[in-house]
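A.B. asks: Residues per chain, in single letters:
Protein chains: 2
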Amino acid sequence: MVDRIGAAQTMTDDAYPLTRRFLQGRSRDALDARERGVLEGLIQSVERFTEPVTILERGAVLDQSTILIEGTVARVIHEGGRRHIVALHVPGDFVDLHAFALKRLDHDVVSIGTVQVGYAPHAAIDEVLKSEPNLARMLWYSTLLDAAMHREWIMKLEHLSADGRLAHLIAELWQRLSFVDLAGESGFALPLTQQELADACGTTSIHMNRTVRKLREAGVVDISRGQVTVIDREELARIGAFDPAYLYGQGPLKLT
Amino acid sequence: MVDRIGAAQTMTDDAYPLTRRFLQGRSRDALDARERGVLEGLIQSVERFTEPVTILERGAVLDQSTILIEGTVARVIHEGGRRHIVALHVPGDFVDLHAFALKRLDHDVVSIGTVQVGYAPHAAIDEVLKSEPNLARMLWYSTLLDAAMHREWIMKLEHLSADGRLAHLIAELWQRLSFVDLAGESGFALPLTQQELADACGTTSIHMNRTVRKLREAGVVDISRGQVTVIDREELARIGAFDPAYLYGQGPLKLT
DNA sequence: GCCTGTTCCTAACATATGTTAGTCCGAACG
DNA sequence: CGTTCGGACTAACATATGTTAGGAACAGGC
Chain A
6 MVDRIGAAQT
16 MTDDAYPLTR
26 RFLQGRSRDA
36 LDARERGVLE
46 GLIQSVERFT
56 EPVTILERGA
66 VLDQSTILIE
76 GTVARVIHEG
86 GRRHIVALHV
96 PGDFVDLHAF
106 ALKRLDHDVV
116 SIGTVQVGYA
126 PHAAIDEVLK
136 SEPNLARMLW
146 YSTLLDAAMH
156 REWIMKLEHL
166 SADGRLAHLI
176 AELWQRLSFV
186 DLAGESGFAL
196 PLTQQELADA
206 CGTTSIHMNR
216 TVRKLREAGV
226 VDISRGQVTV
236 IDREELARIG
246 AFDPAYLYGQ
256 GPLKLT
Chain B
6 MVDRIGAAQT
16 MTDDAYPLTR
26 RFLQGRSRDA
36 LDARERGVLE
46 GLIQSVERFT
56 EPVTILERGA
66 VLDQSTILIE
76 GTVARVIHEG
86 GRRHIVALHV
96 PGDFVDLHAF
106 ALKRLDHDVV
116 SIGTVQVGYA
126 PHAAIDEVLK
136 SEPNLARMLW
146 YSTLLDAAMH
156 REWIMKLEHL
166 SADGRLAHLI
176 AELWQRLSFV
186 DLAGESGFAL
196 PLTQQELADA
206 CGTTSIHMNR
216 TVRKLREAGV
226 VDISRGQVTV
236 IDREELARIG
246 AFDPAYLYGQ
256 GPLKLT
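Chains as they are written, first to last, in the working numbering: chain A, 6 to 261; chain B, 6 to 261.
Calculated from the structure, these hints are not laboratory results. Among the hints, a few may not be true.
Not the full set, but computed from the structure, chain B residues with beta-carbon under 8 angstroms of chain A [stated by the list, open to error]:
#1 G85
#2 V91
#3 H103
#4 H127
#5 A141
#6 R142
#7 W145
#8 Y146
#9 R156
#10 H164
#11 G207
#12 Y251
#13 Y253
No farther apart than 16 angstroms at their CA atoms in a straight line, the calculated lysine to aspartate or glutamate pairs in the EDC-like style are these [unchecked claim]:
#14 B:K135 - A:D131
#15 B:K108 - B:E62
#16 A:K108 - A:D68
#17 A:K135 - B:E137
#18 A:K108 - A:E62
#19 B:K219 - B:E240
#20 B:K108 - B:D68
#21 A:K135 - B:D131
#22 B:K108 - B:D131
#23 B:K135 - A:E137
#24 A:K219 - A:D237
#25 A:K108 - A:D131
#26 A:K219 - A:D168
#27 A:K135 - B:E132
#28 B:K219 - B:D237
#29 B:K135 - A:E132
#30 A:K135 - A:E40
#31 B:K219 - B:D168
Glycine residues also receive a C-beta, built at the ideal position from the N, C-alpha and C atoms.
Please put together the full structure from these sequences, using the hints given.
C.D. replies: The following block contains the structure:
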């Protein structure tokens, strides 16, 4: 592996404005400076969305993959006239790297709030697979993190009722935003409406409203106007049965 | 890509007793004979379990990955004294290939009924990554299929109530077993108890019992004594909101 | 400034599901 | 042949959640 000094790492990371958050807080130091340069070079174009928009449509056959640079996007499966959020992404995440191997997308990808993304052509990723086994492994790794989060969501949906599901979602997002330096001491910005929170927790907006109020009145967390303020961190983790091990962060984790 | 003739393919597949079901029914023909040989050669040992056993434990640091050769295994997350099945595997599936890159397992892997597995050392997979980009891509692909199934399970848990969840599970298993030639015309063998079905559908065994009875009395599917008999295939797919696209099968799919 | 749409919020009622407490049955085993 | 044990099954009751039907607060456009 590669030895790196913390300060030097921060300096070099600034040299990669588009991909600097990729695996930040995870095993990013498994990539050396050259590999980070290769990764940054994969991004051949950038796009910005200010309106809510379906960035990628289910069934689309893609020849490039998308990395989230700024903002929030959701992976959505429409079924029975309803919109189901199956995953949420924070900056630094590839949102459709799986399409590199699967080609066809099995779900939509939609923007939430203002979003900036970068595109990496599959042909360029192909070259990485042939000549950069370590970087290839890290790309694979990032899709495996998605899968680990999916499994945790399955557990959450099978095990917890609405308040636990919401608490888990909040705790997870807080942790993931902390990895990429986008969370505050006591909370974080959250552009999701109650309807969207409901879509991500498998409930209705009416019930999500009850649940938000319940957690607020219980003095656990205040979710309002795009801002989450955590009041009782331990209680939040307890209600949400949140153990961050599945996020595979490095170093001591904020929530235990 | 590689041109292959159907008959020849069947013959060569018999030469790979341990890995012949890997990606069968999916994009397996993207692998040529040499690559299939390399894959088969990855399996350095085989083990058989006749008793229900935890094959792999959460938190374990692995130096090999496990392919399911025969039988059924479940991925399980224990939480709050309960056992939650987050994924089920059929022969041909790698059950912990993600541990190659993640190293630490975030869940248990348990056998259901009699099971035979093979082990592929990570060092050998490392070599594949360096010298067999196409095979490496197929290994990646297989973990992305797992993730796609995870997402469908999330949708199922968010969207459907107990009878829909059960119908979806049955329809999915039937399709996946069909891919690997282990399903019959009107059903398949299923070693899961009602308790385990409940664990996979996020409900209780009592409610699963109601649900099994309901689907039986409605003339949709009969689940009993380890055997599933599908009576009304279309209704099963309708109740379970089952669209097999997410399984990325090739050719015409059994259920539509 | 007012209109218009979206989000947040509430109430009342119906229903799915969980919980507790069992009985019944067949397979495995002595 | 009886015992034992796990799984299948049922009933009665409590509760979480969905559904329908709205009102209140707020932001953006004109």
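A.B. asks: Does each hint hold? Answer for all of them.
C.D. replies: Consistency of the hints with the structure:
no.	hint	verdict
1	G85	holds, 6 angstroms
2	V91	holds, 4 angstroms
3	H103	holds, 4 angstroms
4	H127	violated, 11 angstroms
5	A141	holds, 6 angstroms
6	R142	holds, 6 angstroms
7	W145	holds, 5 angstroms
8	Y146	holds, 4 angstroms
9	R156	holds, 5 angstroms
10	H164	holds, 5 angstroms
11	G207	holds, 3 angstroms
12	Y251	holds, 4 angstroms
13	Y253	holds, 6 angstroms
14	B:K135 - A:D131	holds, 13 angstroms
15	B:K108 - B:E62	holds, 12 angstroms
16	A:K108 - A:D68	holds, 8 angstroms
17	A:K135 - B:E137	holds, 8 angstroms
18	A:K108 - A:E62	holds, 12 angstroms
19	B:K219 - B:E240	holds, 13 angstroms
20	B:K108 - B:D68	holds, 8 angstroms
21	A:K135 - B:D131	holds, 13 angstroms
22	B:K108 - B:D131	holds, 13 angstroms
23	B:K135 - A:E137	holds, 8 angstroms
24	A:K219 - A:D237	holds, 14 angstroms
25	A:K108 - A:D131	holds, 13 angstroms
26	A:K219 - A:D168	holds, 8 angstroms
27	A:K135 - B:E132	holds, 12 angstroms
28	B:K219 - B:D237	holds, 14 angstroms
29	B:K135 - A:E132	holds, 12 angstroms
30	A:K135 - A:E40	holds, 14 angstroms
31	B:K219 - B:D168	holds, 8 angstroms
The structure does not agree with numbered hint 4 stated previously, though it agrees with all others.
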